[in-house]
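Trainee: Sequence:
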Amino acid sequence: MSCQFATSLHSPDVLGEDEPLDSPRVRAAAGPGNALAYHAAYEFGGDSTAPPGGQTLLDANTAHLRTQRNLAVHDQHLTDLNAADSAAWNAGSWQGITSTTDTGTPHRIRDQLSVYARDGITEIVYQPTGPDIPGELERFIAIASDL
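Using my numbering, the first residue of the sequence shown is number 5, and each one after it goes up by one.
It is worth saying that the hints were derived from the structure and are not from the lab.
One should not assume that every hint holds.
[Said to hold, decoys possible] Here are the simulated distance ranges between beta carbons:
#1 Asp79 x Asp26: 17 to 23 Å
#2 Leu151 x Arg73: 39 to 45 Å
#3 Asn74 x Leu151: 38 to 44 Å
Idealized CB from N, CA, C, for every residue including glycine.
Starting from the given sequences, assemble the full structure and let the hints guide the process.
Mentor: Below is the structure:
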């Protein structure tokens, strides 16, 4: 009997040479995954004000009526940034993107995939986002096929 273990890559985005984390492309490709970490802290009782931009996100979310808040928090969930996520991004949430997602250089992502394989992970879930899904897939496949 074969046992497979799966993991999810957290919005991996392959960074270009010297590409800044706050670039529009990184925002589109990895921003939704970054926002997910903030959403999780908010929803599961973590300190959502601790990371960069966290207080801005909390203020924007709690400005909504309690009966509307859940819909507002999850607007654009994992596909784009909603108004609160955008405000947090502009307040610096992008600074933590390498901690909240698997975004990084090709070398960093390749190393992370190798760690997963070494730990017995045989499958991954990858959800590219942003306006250039084919490009995101091509960059990721180039790294993953080298393993």
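Trainee: For the pair Asn74 and Leu151, does the Cβ-Cβ distance stay inside 38 to 44 Å?
Mentor: holds, 40 Å
Trainee: Given a hinted range of 17 to 23 Å, is it respected by the beta-carbon distance of Asp79 and Asp26?
Mentor: holds, 22 Å
Trainee: Holds or violated: the 39 to 45 Å window for the beta-carbon distance between Leu151 and Arg73?
Mentor: holds, 42 Å
Checked against the numbered hints above, the structure violates none of them.
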